[in-house]
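Colleague: Each chain, written out:
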Amino acid sequence: MKYLEKPIKEINDLLKKGTIKPIDLVEEAFERIESDKDLNAYITLNKEEALEKARELEGKEVDNLLFGIPIAIKDNILTKDLRTTAASHILDNFIPIYDATVVEKIKEKNMIIIGKTNMDEFAMGSSSRTSYFGAPKNPWNNNKISGGSSGGSATTIAARHVPFALGSDTGGSIRQPASYTGIVGMKPTYGRVSRYGVIAFASSLDQLGPMTQNVLNNALLLNVISGHDSHDMTSSHREVEDYTRLIGKDIKGKKIAVPKFLMSDIVDSEIIEKIESVIEMLKENGAVVDYVDMKYLDNAVTLYQIIAMGEASSNLARFDGIRYGLSAKDPKSHEDLYLETRREGFGKEVKRRIMVGSYLLSGDNAKTYYNKALSIRDDMATEFDKVFEKYDYVIGPTTTTTAYNLDDPMDDPSKSFMDDVLVIPVNMAGLPGLNIPVGFDKNHMPIGMHIIGNKFQEAEMYRLGSFIEKELDLDLNPKGGK
Amino acid sequence: MSKYIPTIGIEVHVELKTKTKIFSSSENGYGQMANSLVNEVDLGYPGTLPTLNEEVINLGIKAATILNCKIRKQMFFDRKNYFYPDNPKNYQITQNRTPIGYDGYVEIEDNGVKKKIYIEEMHIEEDTCKSTHRKDKTLLDFNRAGVPLIEIVTKPCMTSSHEAKLYLEKLKELLFYADVSDCKMEEGSMRADANVSIRKNESDPFGTKAEIKNIGSISNVGLSIEKEIERQTKLYDNGETFKEQTRRFDDKLGDTVLMRVKETGNDYRYFPEPDIPFVIITDEMIENVKKTIPMLPDERREVYKNLGVSDINTTKLVQNRSLSDYFNELLNEKINFQVASNLLLGDISAYLNKNEKLITDTTLSKDRFLELVKLMDDKTLTSKNLKDILDDILESDKSIKDIIKEKGIENITDDKEIREVIKTIIEANPESVNDYKNGHDRAIKFLMGQVMKETKGKVNPGLAMEILTEELK
Amino acid sequence: MKDRLTKEEVLHVADLARIKVNEEEIEKYQVELKQLLDDVEKVNDVVGYDEEILIAPWDHDADLRADEVGEMINKDAVLKNAPSHSGNYITVPVVIGESEGA
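Residue numbers (the working numbering), protein chains in the order written: chain B, 1 to 482; chain P, 1 to 473; chain V, 1 to 102.
These are calculated hints, taken from the structure and not from any lab test. Bear in mind that the values here come from a model prediction, so they are computed numbers and not experimental data. Watch out, some of these pointers could steer you wrong.
To be verified - Simulated DEER-style distance windows between Cβ atoms:
1. N44/V - H444/B: 52 to 60 Å
2. V303/P - E108/B: 53 to 61 Å
3. D61/V - N93/B: 37 to 45 Å
4. Q32/P - K42/V: 32 to 40 Å
Stated by the list, open to error - Interface residues of chain B toward chain P, partial, derived using beta-carbon atoms under 8 Å:
5. G197
6. S230
7. T234
8. M294
9. K295
10. G310
11. R323
12. Y370
Said to hold, decoys possible - Below, simulated BS3-like cross-link-like pairs (lysine-lysine); rule was C-alpha separation at most 27 Å, straight line:
13. K75/V - K348/B
14. K37/B - K47/B
15. K329/B - K137/P
For each residue, glycine too, the CB sits at the ideal point set by N, CA and C.
Construct the complete structure from the given sequences, taking the supplied hints into account.
Modeller: Dropping the structure here:
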């Protein structure tokens, strides 16, 4: 039985006709996941509840395209009564008492939550290897990383376990693993999706987004999770449009900018060549493509270190062993409780980032560096505004390399950020960014293209993404056979 | 002991009178069961985000207005990072860089001399949870976590404990009258810290300061400042110095004690709060808030005096806000305001205190009160009469006339009738009349007694005395 | 220019962050934080920025919440999640020292 790989509209028809029931899909999803156990895509499976939910749906009208469809949720998104760990020991027994707003929305559509996906601890990392539960593996090559921080969601989608997953993206955490695993990943405009109930890493950069096998599914899930939320003051009031509405439409006359920095020698030549070939294809189909100079892109990683680490050091201060989560045994004093809980509970990388963030905000550093970073961040956003006055899209590669080996060394801290050098500017400016698979390297590891849109132009980005998807018509199933 | 010039600055935290907390919709309440007024935001649960209470901004605007502050039109919040068990997120959301109000003042009056106490800034922030220390553990109650506060910081511009007390009394009165806060120091809804330093001459730089934290009453603020000045004076006189430090006032010792010496400045790692967008304060918002500001104490005192209310009654009225509000409803009436204030502050206050009621809990409508004032003013009712019927007036809806009738109070208010009675009595008591005319004052009292006896106490004594004196001429 | 932070500087940061560091880690941070600072020095080299700051890419100003009481959570749920509690209270080992905050 291979219902889950069918186009969503076909599955929906089968459900409507009663040929299949939601429970068939749930059982199939668990069969797939269980036969791929060694991929380590999940931290927690929700099997009993998912089966129960599927049975519960049997009498109900199939009232939307996503009704009864299995979905995986990144484990930094709170699910009521379902363990949520952010891949950290400090939360490994944490059972949330409320649902994140996106989870409420998913439940309203009667999608079925299959489990909580593996990730870097508190989303801090770009290979998912900082997970307390061990790293997930890349379905294309089990010796390779699937990227991070949403590595588990990328893995489960690439491996065709389920058609839908949610990820979060602070500095590339949806798009980079999507690129490494050959799937479609969207980081929407900052404010498009509510952050309420998402364990914060860097509040001014975090955004949730869909991870799927194709553009249509991606847009369908964005339709569900978008919208204003009175619990999140930073969520936008913009009306939610139908993000599928431009899928399959023509790209003739569309103007595309390619920043030279994104195609410079920091990127592997194989990847550059692939992107160039896609650019040629787009030109042949009537798009206008210009190579442009953009300021500040090369500062993005530095700004990211200051801003993301600063915010993170503050956001993670709440994990102190008092109100929830891990708590050190028999502390001698409250200070001892703090120190021991955090020593035991946080992994190395998380501690490192908390130290870095605390340092960059301490004493005069806040004045010297943090404020300056916020000021340059403003200029960087303005620089994008200028480009979007003339262009519909900014494109480039998503990553500088394809997925690397799981056993590559982890101790170079700046390497981790350099993995995300091409995607971080988008978070800085609050723009939407989309990864579209565009081919493979010589080892048959996926290569992704990064489409950056102007704020709230997700539908336009799906237009370009779906066009590329259709034209290239790649076989993106690691096991082959589309 | 040598003479030094003290320099004092005061920081006050007041809890705002809102229904809900500053960043969550859970209830802002006092004296409830521990941890019963909380939601996941107040507890700093993972994934929670703040939502800003409109009323907090309104009360912030109000406070800034009555403290003569400039109001910031675009502001953001900052995170103040420090670990402490009463601080649920281990950061406090406050306003460090863009306080809602700045450059204001409060005017105090000391023996007829007016002085402005300058406000440096006032900002909005969240309160911490309440911790109670037991022998082996500390108990945390998060009901207070997230209660809205404003912190009001003066410039170091006071030079005596007396001024500091006057400032606090004035501040408390203003914030209470404007309905910004309950200002109950005993319940912690108003808390004060005092910064104290001394120096030899005005031209010297400020001396090393000590901050006395969380003082629980205005009188203790005064006391702790005095004690601190004394302590610093002794040190300097002995040629000693001290480090900048934080102290607290110990009630039992009646003195300040050292909490900690500041080795370096606190390192709060402030940065702008990314979870709350810019807050824009429009002119319209300010205008709307201004409309809700009632007449403030200084103006009340001015108005009452101009209406002929005695100084002592004016002071007493303004001390009792509900009576003062009641009194303010009468300002356009043509009545004897001294009589009206006497009524309110006398028998009516006594009744209210005894029955633990507010005047608004009684049946004394404005119209009935006006009637009562007139009856007292034209001497239709005696104070004794009033005592007899006051409970009825305050507890029933019956008209005052009916009440008077029911109680059988039928005062002879007719001049002629009284004059007739008096004439009869004068005729019947020639000796007394003679005595009076020979300068024996006691005689007139006897005659008055006779009048009262004859009328069974139903004449107004004042009126009767007037006529009696006339007839004796 | 010194090539590392002092041990005291690292310990100060560790104390602020409530992260326990051993001798080896202290040494590592002495170098690493300094390197990072050098990296970050680069922001000083960027020219052309003005005084405008971007705190977060908000697309609108703050909406204010009406002052109406909403749902609160059950006290039992609060206490159940708390590792240590007694009666109606969440507890911590007796707190020594005073709050640094306001």
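Colleague: Does each hint fit the structure? Answer for all of them.
Modeller: Consistency of the hints with the structure:
1. N44/V - H444/B: 52 to 60 Å: For H444/B against N44/V, whose Cβ atoms are near 44 Å apart, the range 52 to 60 Å is violated.
2. V303/P - E108/B: 53 to 61 Å: holds, 59 Å
3. D61/V - N93/B: 37 to 45 Å: holds, 40 Å
4. Q32/P - K42/V: 32 to 40 Å: Given range 32 to 40 Å: violated, Cβ gap about 53 Å.
5. G197: Holds - the Cβ of G197/B comes within 8 Å of chain P, reaching about 4 Å at its closest.
6. S230: With a minimum Cβ separation of about 7 Å from chain P (threshold 8 Å), the hint on S230/B holds.
7. T234: Hint on T234/B: holds, closest Cβ of chain P at ~6 Å, below 8 Å.
8. M294: Since chain P brings no Cβ nearer than about 24 Å to M294/B, farther than 8 Å, the hint is violated.
9. K295: violated, 24 Å
10. G310: Nearest chain P Cβ about 6 Å off; hint holds.
11. R323: holds, 5 Å
12. Y370: holds, 6 Å
13. K75/V - K348/B: Violated: K75/V and K348/B sit about 35 Å apart, past 27 Å.
14. K37/B - K47/B: Distance ~14 Å between K37/B and K47/B Cα, so the pair holds.
15. K329/B - K137/P: Given pair K329/B, K137/P holds - Cα atoms ~14 Å apart, limit 27 Å.
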